[in-house]
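Asks: If you want the building blocks of each chain, they are given just below.
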Amino acid sequence: MVKRHPVRKAVLWGCMTTISLAIMIAVGSRDLAHFDAALVAYTFATLFATFGITYRYTMWLQRPPTAMYWKRGWQMFFKPQRLLTNIRNLFTRTSSDFAANRFIWKRGKLRWLAHWFIMWGCIVAVAITFPLVFGWLHFASVPGSLDSYRAYLFGFALFDFPVDSIFAFLMFHGLVWSSFAVIFGVMLAMWRRMRDHGAASVQQFVEDILPLILLFAISVTGVMLTASYTWMRGYAFDFIAILHAITVIFTLLYMPFGKFFHIFQRPAQLGATFYKDAGATSEQAHCRRCGEAYSSRMHVEDLISVQKQLGFRYEVAGEVEHYQWICPPCRRAMFVLAQTKQWQGNFGDQMFSSMHEQPAAPRFGNPVISEGPLGHEDQANLHF
Amino acid sequence: MPEAQYEFFIDPSRCIGCQSCVQACSECDTHKGQAMIHLEFVNRHYSTQTAPVVCMHCDSPTCAEVCPADAIKKTPDGVVQTARKPRCIACNNCVLACPFGVPKMNSGAELMMKCDMCYDRTSIGKAPMCASVCPSGALYYGTREQIEAQRPRSMPVNQFQFGQQTISTKVHMMVPRTAQPEHIDVLSAMHDHTSGHDIFLMMHDE
Numbered sequence: 001m002v003k004r005h006p007v008r009k010a011v012l013w014g015c016m017t018t019i020s021l022a023i024m025i026a027v028g029s030r031d032l033a034h035f036d037a038a039l040v041a042y043t044f045a046t047l048f049a050t051f052g053i054t055y056r057y058t059m060w061l062q063r064p065p066t067a068m069y070w071k072r073g074w075q076m077f078f079k080p081q082r083l084l085t086n087i088r089n090l091f092t093r094t095s096s097d098f099a100a101n102r103f104i105w106k107r108g109k110l111r112w113l114a115h116w117f118i119m120w121g122c123i124v125a126v127a128i129t130f131p132l133v134f135g136w137l138h139f140a141s142v143p144g145s146l147d148s149y150r151a152y153l154f155g156f157a158l159f160d161f162p163v164d165s166i167f168a169f170l171m172f173h174g175l176v177w178s179s180f181a182v183i184f185g186v187m188l189a190m191w192r193r194m195r196d197h198g199a200a201s202v203q204q205f206v207e208d209i210l211p212l213i214l215l216f217a218i219s220v221t222g223v224m225l226t227a228s229y230t231w232m233r234g235y236a237f238d239f240i241a242i243l244h245a246i247t248v249i250f251t252l253l254y255m256p257f258g259k260f261f262h263i264f265q266r267p268a269q270l271g272a273t274f275y276k277d278a279g280a281t282s283e284q285a286h287c288r289r290c291g292e293a294y295s296s297r298m299h300v301e302d303l304i305s306v307q308k309q310l311g312f313r314y315e316v317a318g319e320v321e322h323y324q325w326i327c328p329p330c331r332r333a334m335f336v337l338a339q340t341k342q343w344q345g346n347f348g349d350q351m352f353s354s355m356h357e358q359p360a361a362p363r364f365g366n367p368v369i370s371e372g373p374l375g376h377e378d379q380a381n382l383h384f
Numbered sequence: 385m386p387e388a389q390y391e392f393f394i395d396p397s398r399c400i401g402c403q404s405c406v407q408a409c410s411e412c413d414t415h416k417g418q419a420m421i422h423l424e425f426v427n428r429h430y431s432t433q434t435a436p437v438v439c440m441h442c443d444s445p446t447c448a449e450v451c452p453a454d455a456i457k458k459t460p461d462g463v464v465q466t467a468r469k470p471r472c473i474a475c476n477n478c479v480l481a482c483p484f485g486v487p488k489m490n491s492g493a494e495l496m497m498k499c500d501m502c503y504d505r506t507s508i509g510k511a512p513m514c515a516s517v518c519p520s521g522a523l524y525y526g527t528r529e530q531i532e533a534q535r536p537r538s539m540p541v542n543q544f545q546f547g548q549q550t551i552s553t554k555v556h557m558m559v560p561r562t563a564q565p566e567h568i569d570v571l572s573a574m575h576d577h578t579s580g581h582d583i584f585l586m587m588h589d590e
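Here the protein sequences line up with chains Y and F, keeping their order.
Residue 1 is where the first sequence starts when you use my numbering, and the numbers rise one by one after that.
Residue 385 is where the second sequence starts when you use my numbering, and the numbers rise one by one after that.
So here's chain Y without its partners, still in its complex pose (with noise of 0.2 Å):
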């Protein structure tokens, strides 16, 4: 039997990752010739929330759980009969899940307003500044042109652009837009938090307000540099930039820790749904008690699988076999139904075992009443 080592496994992807950034970082900026060694700090922030991040999701994809989607997301993905509609699907939920947070706004408007602003703030200002921190990126005088700049990229030159143009004004102010972005979001988000009961209920200060502290923190840091050399000839500009590196270094080092881990975490959604279209389209399980589908038995026997090597013994005697292959209306009638058996005889009620072959199964009392299913799997879980 082979033995598995998860820490070496895991220790040993940080290590080829940050390695591998590390070879791109000289190559990218040739030979370090384009890096800012004033911001090697921000570097090797970033080099170990790159090991940080790549042990952690190393650790989490050999949980079993994690190991059976992987394996079967990237399995039907490509499986050939579906692999152009899973590339179509690709870019639609990409697009709409991913790039307008369509599930966010179903999970609430303001909720999605403020994660949407966060996101495109923070997305716009990591394509500037790690280029740039890597010197990947760089900005050059054109030669014999004092007034026109010069994009290079991994030291190619890219366009040239004059240097008072509003191009240039918007381009250099980058991180000035993502900032006013991520502000904006941040507020909403706080403001979103001190007042929904729900919210305030569940959130814990590490998982939830420190993050968008962080955030904010990195955000005003950082346009109190631009308000320092625009508007008041550089006052504590250095006090600023050491304010604002401490805010980005933190954030760096948090990055594999906390709630920004779920960046990482989320395609995995992606992976799902490509499974729960193969399972929608593929055989049925049908419950061993009253006889209605309930999921694709792929999804059952995966969980099987799943449960048997987390250490859960659900097998059943008999033509049963596993709990799994019971369905979920059904397990909750069992409950009920034991309990009752528990007390037969001490009120004379019957129990009725023997009207049909099989049970019928249970109905919601009033399903229009804010009970019923919350979507079409809630109703082919449900039966409805």
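Since the hints were derived computationally from the structure, they do not count as laboratory data.
A couple of the hints might just be wrong.
Simulated coverage check for chain F against chain Y, where a stretch passes if three residues somewhere in it have a Cβ under 8 Å from a Cβ of chain Y [to be verified]: (1) 491-504; (2) 514-524.
Restricting the straight-line Cα-Cα distance to at most 25 Å, the calculated cross-link-like pairs of lysine to any residue (SDA-like) are [claimed, not checked]: (3) Y/Lys109 x F/Pro470; (4) Y/Lys259 x Y/Met190; (5) F/Lys457 x Y/Gln309; (6) F/Lys554 x Y/Gly52; (7) F/Lys457 x Y/His262; (8) F/Lys458 x Y/Pro256; (9) F/Lys457 x Y/Trp343; (10) Y/Lys308 x F/Lys457; (11) F/Lys554 x Y/Gly198; (12) F/Lys457 x Y/Gly52; (13) F/Lys416 x Y/Gln309; (14) Y/Lys308 x F/His567; (15) Y/Lys109 x Y/Phe205; (16) F/Lys416 x Y/Leu253.
Ideal Cβ positions, reconstructed from N, Cα and C, are used throughout, including at glycine.
Since chain Y is already given, all that's left is putting chain F on it; use the hints.
Replies: Same frame as chain Y, but now just chain F:
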């Protein structure tokens, strides 16, 4: 003086299907307008027996163990919370794996939702919404001493058998004191239809 230890006790045999718990549950701020409690007719055609099912808050929750996104967390006081919103990827694993059939899947919002025992209330010593309105005591929130005094014929059990798997829970179910079961074998009701007196409602199939 030590602080009173409040616990949740359910006794489905007392349920009269009045829907009060459903209405109260849907008023909770964490899942506004939607009830997380399940209240079903066990077999509508033959009996008025209803099944109120809340999250039992397992000591070793299967839903959390099978979650690929690590989105379901347990509080230090043993309450298994609904999925963390940033993490839940709506895979449906928890819905299919819960031995009590509790979680619901909100497809549009890509989010599993379930009863979290009104954590905003129970964490500060208040009864959950459903238990605070249940007129028959099918859902009861109080101390061990209180329920023993009020229901001398019953005793609480929190061990449930599913095939070879035993699950212990934070929420207790009331069983007759004379039976003294160590656990409740859920699959013992595999072929049971419903209970009641000899009254055939003979409702039409839908």
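Asks: Can you list which hints this structure breaks, lowest number first?
Replies: 2, 6, 9, 13 and 16
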